[in-house]
Every structure is written in structure tokens, then in C-alpha cells.
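Colleague: For reference, the chains in residue letters:
Number of protein chains: 2
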Amino acid sequence: MTDQETANKVVRLGRVAPTIHDVARAAGVSISTCSKALNNKGKLKIETRERVRNAATQLGFRPNELAQSLLRGRSFTVGLLISDIYPRVMPLLAGIEDTLAAEHISVFLCNAHDDRTRERQHLNALLAKQVDGIIVAGRRVDLRAPVDLGHSQTPLVYVYSPIDDPDALCLMPNESQGARLAIEHLCALGRRRFAHISGPRDRAAIQIREATMRQVLDEQGYDLPAQRILHGSLDEPFGYAAANILLDRDPDIDAISCGSDVLARGVLDALRERGVCVPDDVGVVGYHNMEPIATAARPPLTSVDANLYELGHRAAHDLLAMINGQPRAGVHLLPFRLVVRQSCGAR
Amino acid sequence: MTDQETANKVVRLGRVAPTIHDVARAAGVSISTCSKALNNKGKLKIETRERVRNAATQLGFRPNELAQSLLRGRSFTVGLLISDIYPRVMPLLAGIEDTLAAEHISVFLCNAHDDRTRERQHLNALLAKQVDGIIVAGRRVDLRAPVDLGHSQTPLVYVYSPIDDPDALCLMPNESQGARLAIEHLCALGRRRFAHISGPRDRAAIQIREATMRQVLDEQGYDLPAQRILHGSLDEPFGYAAANILLDRDPDIDAISCGSDVLARGVLDALRERGVCVPDDVGVVGYHNMEPIATAARPPLTSVDANLYELGHRAAHDLLAMINGQPRAGVHLLPFRLVVRQSCGAR
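As you go down the protein sequences, you meet chains A and B in turn. Residue numbers for the first sequence follow numbering that gives the first Met the number 0, beginning at 0 and rising by one. Residue numbers for the second sequence follow numbering that gives the first Met the number 0, beginning at 0 and rising by one.
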């Protein structure tokens with residue numbers, strides 16, 4: 000059916016919500032007068048405008064935004080396609096939703112469950128609903144396949160989810176700069192014998208962080224022998240076990256860089272139970288600054304923060320620019336910040 | 000402007016996305032033939048249907064769902080108004096989104112930031128977008144004010160967010176049953192001298208849990224003297240401090256019921272450092288079963304789980320029923336489940 004046919008049919012259908020016809024009838028004016036009064040256009044007596052507005056309020060009349068969207072060719076909606084729902088995506092969600100809500104744009108939340116089929120279904124639904132733009136949000140630095148919008152020109156932003164396409168806009172946390180912040184901070188505090196405990200080596204972020212750590216220590220003239228590095232999982236039990244292994248191998252370690260804050264919590268527990276004092280004997284830094292975990296650590300954990308709320312804000316901001324016809328492209332790396340608490344030994 | 004005027008204007012406007020006119024032109028058929036082919040209606044040659052479908056695929060033609068929604072009087076969208084974005088709301092979000100996505104309904108995520116003004120703005124936007132229904136999701140057992148939909152008949156479900164309106168549908172976790180699960184479990188394991196460490200006494204959930212604990216212990220014939228109860232905040236540092244205070248007062252305590260899992264983590268640390276063995280000397284149970292926190296505890300923490308994913312699924316399921324004309328009302332309490340790990344001493 001054509002839009003014309005659709006449209007003709009609309010007014011033939013009974014509608015639950017009050018229409019402008021009901022308002023005009025209630026106010027005792029013509030449709031066009033009613034329309035002028037509601038849209039604040041044309042020449043009308045003040046009393047007439049008032050009468051129409053009161054009738055609209057009493058009936059609970061709302062202009063049908065679907066009809067307006069159809070007319071304007073803009074839906075004032077944006078699709079947010081996330082790889083999954085997990086704690087670390089929350090500040091990203093909040094930054095995106097806050098920024099778009101401030102522009103009166105509503106956000107469709109679509110959870111792909113890391114599944115290409117579900118992602119495809121969500122994308123089809125978003126395109127069918129004529130969203131003004133789409134944000135694809137992940138949680139990895141690893142490359143992902145570009146999403147396929149077919150012939151659609153719908154603006155698209157990738158955040159925390161890089162793809163191999165020079166025409167696409169990708170906003171990423173700068174893992175290398177984040178790792179550098181943590182290591183340079185420990186070096187500045189006089190740490191020399193570094194150890195590193197992190198997650199699976201097949202992840203890009205894990206590789207970047209270790210490579211950066213090696214580079215910074217090399218610049219500073221300190222070595223990082225293989226026996227002071229352990230890769231496993233980013234969880235607390237591995238941190239606890241790995242810290243014990245590393246200190247058995249080398250009791251003189253004076254700094255441990257951890258791949259996550261929960262992993263660092265396991266490290267702190269192991270050190271405490273060995274009678275190793277943090278930060279006096281060993282300085283410890285976490286990664287990602289998960290507030291409740293880092294602040295409740297004993298001692299409170301120094302960590303680096305990817306500023307995910309700001310990343311979400313930037314993604315929404317750039318998408319709005321694209322929707323308004325300003326092209327955006329390329330990979331943009333956004334900075335981490337260092338959050339200094341007590342575990343590093345800073346005064 | 001009337002829907003009729005709007006609709007008439009639609010086809011006069013240039014559209015970026017290909018329309019049925021473009022498909023008909025490309026396939027060399029009339030609009031009505033094209034419409035029949037795409038909607039799989041009427042009598043057509045197979046070759047014609049094929050030719051039209053191929054043209055549609057090549058052009059990337061998508062039926063305009065805004066137009067269809069206008070026609071059907073249904074938008075196949077639902078508004079999800081959450082009080083804020085925080086870790087414990089995630090399974091609720093996931094349960095709601097999964098259930099609605101399976102029915103091809105897209106979800107608007109609206110974060111009210113616990114602010115009535117923002118809530119009002121989100122509600123107006125949702126109603127203007129003609130959502131088929133609205134879910135209001137909170138995180139408290141405390142009463143909240145009903146949301147005002149004006150004259151709108153849009154179906155509404157409150158989840159984890161009770162209001163004082165017998166005609167409304169409220170789905171809540173059964174805090175009393177959850178607390179009972181934990182305490183009866185400890186009693187069954189032979190615990191007798193109970194202590195309770197929990198959050199701010201002005202919260203309904205905190206009051207319900209303490210009252211239930213008193214009731215269960217009374218039924219079992221055990222007392223709960225005031226000096227074995229401490230209320231503060233639901234965080235880890237308070238759990239650590241409170242456990243030390245309570246064991247200084249009464250070293251014979253053999254069970255500690257905690258108001259949250261992170262609080263319980265603080266309790267476990269305090270007990271370990273005092274040389275008190277968990278579970279042999281003291282059994283500990285948490286609340287809410289935050290997986291990574293409970294499983295990484297030493298020993299792994301027994302906790303009660305509010306089944307928030309299922310709560311979200313049920314909310315979406317009931318909203319769909321209401322959208323389909325089946326009324327729902329009243330307060331419904333959904334069960335917790337006990338997740339037994341090692342901190343309670345169960346074999």
C-alpha cells in the first residue's frame with residue numbers, strides 16, 4: 000500500500016486517542032481554525048485560541064507524533080545496539096541516553112546478546128521504525144564486522160567497538176594511554192620491580208596494555224622479565240592465586256599492575272595474608288575504576304578510568320551532528336584518567 | 000493540521016528512502032500490482048512477484064513502519080521508565096528487553112534519574128510517540144507516587160516500584176519470603192545465636208527483612224537481642240566495621256544475616272582477620288546474589304536471589320496481555336530463591 004493510501008485510510012479508522020476533529024467539535028470551531036489555534040498560526044480572536052486550547056487540554060489531545068514524523072521525515076528516535084547488558088556498559092548507556100534525552104530524542108535499547116542473528120533482527124526493526132541514527136556499542140578493543148544497513152543512509156556511530164572501515168566513525172578508549180598513566184605513575188613514585196597480572200592474551204586490549212607497560216618501563220630503563228607476568232582471567236580468584244605465585248618467584252616485587260579492579264582485589268587479599276604491606280612494600284594499581292570495588296578495597300585502590308560516560312556523551316553528540324548533515328569518520332581515541340587512592344603509595 | 004492533511008502531504012515530500020513508487024517503476028509494474036506482490040496478496044504471475052521482490056531487494060525498499068503504525072493505531076514500541084541506571088537494574092532490563100524483542104516490540108529506555116521533572120518529560124515523549132504500553136521500573140519496596148498519564152489509556156505496569164492504587168498492576172520481589180529463606184536455612188543448619196547487619200532503617204525493605212528475621216527466630220524459639228543488630232549502610236566497609244563491633248560484644252555469635260552481598264564481603268574479611276572460621280564457627284548469608292561478588296568471596300557466599308530477570312520477563316508478559324485487551328491489576332509478589340554456596344556451612 001502507498002503512503003497516500005495508508006494516509007487516506009488513517010482518518011477512516013476509529014482512534015482511541017482524541018483527534019483534532021474532537022477538539023474542533025468541542026470548541027465549536029472549524030478544523031482549520033482549530034489547527035491555527037493549536038499551532039499558534041494565523042489571525043484569530045484571543046478568546047477563540049483560548050477556547051480551543053482549553054478543549055484540547057480537557058480532552059487530553061496530543062498531536063500524533065507518528066504523523067508528524069511521517070511528515071517531517073524524522074522520527075526523533077535513535078537506536079542503541081549494545082553487544083550485551085553488563086555492569087561496565089552502564090555509564091556508556093547513561094552518557095548516551097542523557098545526551099539524547101536533552102535533545103528530546105528517545106532511545107531504543109537493543110541487546111544483541113553478542114549474537115549476529117539478534118543483531119540483524121534489531122537492525123531491521125530500527126530501520127523499519129525510521130530511526131534518525133544508530134549507535135553500536137561494544138566493550139572490546141577487538142575488531143568487529145561492520146553492521147550492514149543495506150541501502151539505508153542512516154547515520155551510524157561505533158563506540159567501544161572498532162571496525163575496519165575508514166568511512167565509519169569509531170570512538171574508542173585509548174587503552175595505551177590508560178596503561179601508560181598507571182605505569183608512569185608507579186615509576187614516578189619510585190617503583191622499580193614491576194609485575195603484571197592480566198586477562199586472556201588473545202584480547203587486543205590485554206595485548207595493548209602489556210606492550211605499553213613494556214614500552215614505558217623500557218623508556219625508564221627498568222626491565223620486565225617474563226616470570227613477573229601472568230595472564231589468565233580478569234577475575235578476583237585469579238588475582239589472588241597469581242599474586243601468590245609471583246611473590247613466591249620474586250619476593251622483591253614492589254609494584255603490581257592489574258588488568259582489572261576485581262583482579263586487583265584478589266591481589267590485595269593475597270598480599271595482606273602474606274604480611275606484605277600495601278603500599279609501603281608493594282604498590283598496586285587496578286584498571287577501569289569500578290567505584291564500589293575500588294573504594295571498598297583495603298587500602299582503597301588506585302585505578303585508571305576510561306571515562307565511559309563521556310565516551311557515551313561524545314557518541315551521542317557526534318551522531319546528532321551526523322543527523323544534522325555534518326559527516327564524521329575515522330577512529331578517535333578518548334583519554335583515560337588516573338584516579339589516585341592509597342594502593343599506589345602516593346602521598 | 001489533520002492526519003488527513005499530514006498524510007496527503009507525506010507523498011508530496013521528497014523521501015531519501017526508496018518508496019513503493021520506485022519499486023514499481025524498477026519492476027515495470029503498476030503501484031497496485033507492486034503492492035499485491037509485496038504483501039503477497041491477489042492473483043499475480045510468479046515471475047511478476049519475483050520481479051517486484053528482486054526490485055525491492057535491490058533498491059533496499061523497506062515498508063515505512065511509521066505509516067503502518069499510524070494505520071494500525073499501534074506503534075509496536077514500549078516505554079521503559081527506570082528510576083536510574085545502576086547494576087542491580089540490569090537483569091530487570093534484560094528480562095524486559097528480551098521478552099519484548101521476541102514479540103518484535105522495540106523498547107524506549109528512559110532514565111528518570113530519580114527526578115520527577117525528567118520523569119514527566121519522558122512520559123510526555125512516550126505518549127507523543129504513541130507507545131503501546133509503559134513499564135515503570137524502580138529498585139525499592141517503598142511506595143512511590145503513581146505516574147500521571149492524563150487522559151491516555153496506555154497500559155502501564157509497575158515493577159519493583161509499588162504505588163497506592165488498587166487498579167494498578169505492581170510486580171514486586173517478595174522481600175519477606177526472601178528473608179525467610181535465608182534465616183530458615185541457617186536455622187536448619189543448627190545455627191542459634193543470630194546477628195543481623197543491614198542498611199538504613201528508614202527503607203521498607205530493610206524493615207521487612209528485620210521483622211521477618213525476628214518472626215522466623217521467634218517461631219523457632221531463638222531470641223535476637225538488640226545488641227546483635229546493627230543498621231548502617233549496605234556497603235562493604237560498614238559490614239567490616241559492624242562485624243568487629245558485634246563479635247566484640249558477643250564472641251558466641253554463630254550466624255550473621257547480611258543486608259547485601261558487598262556488606263557480607265566486609266563481614267567475611269573481618270571474621271577471617273579475627274581468626275573466626277566461616278562456616279565452621281559462623282555462618283554468613285548475603286542478600287541479592289550479585290554473582291561476581293558472591294562467587295569470588297572466600298568462602299563463596301550463600302545468598303538469596305530476587306530473580307530480577309524473571310521479574311522483568313513477567314512485567315513484559317503482563318504488559319503484552321494488557322496491550323491485547325486483558326486487564327491486569329493488584330500487587331503481585333514474586334519469589335526469591337536461595338543460592339547455597341559455602342559460607343552458610345551446608346554440606
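Keep in mind that the hints were calculated from the coordinates and are not lab data. Among these hints, one or two may not hold up.
[To be verified] The following residues of chain B were derived to be distant from chain A, with all beta-carbon distances above 12 Å:
1. D97
2. E235
3. F237
4. L319
[Claimed, not checked] Computed far set for chain A versus chain B, every beta-carbon distance over 12 Å:
5. T47
6. A66
7. A167
[Unchecked claim] Label pairs and their in silico Cβ distance ranges:
8. A/R71 with B/P334: 27 to 35 Å
9. B/G220 with A/R139: 54 to 62 Å
10. A/D280 with B/V339: 37 to 45 Å
Built from N, CA and C at the ideal position, the CB exists for glycine as well.
Colleague: For each hint given before, does the structure comply? Return the numbers of the non-compliant ones in rising order.
Modeller: Hint check: 1, 2, 3, 6, 8 fail, others pass.
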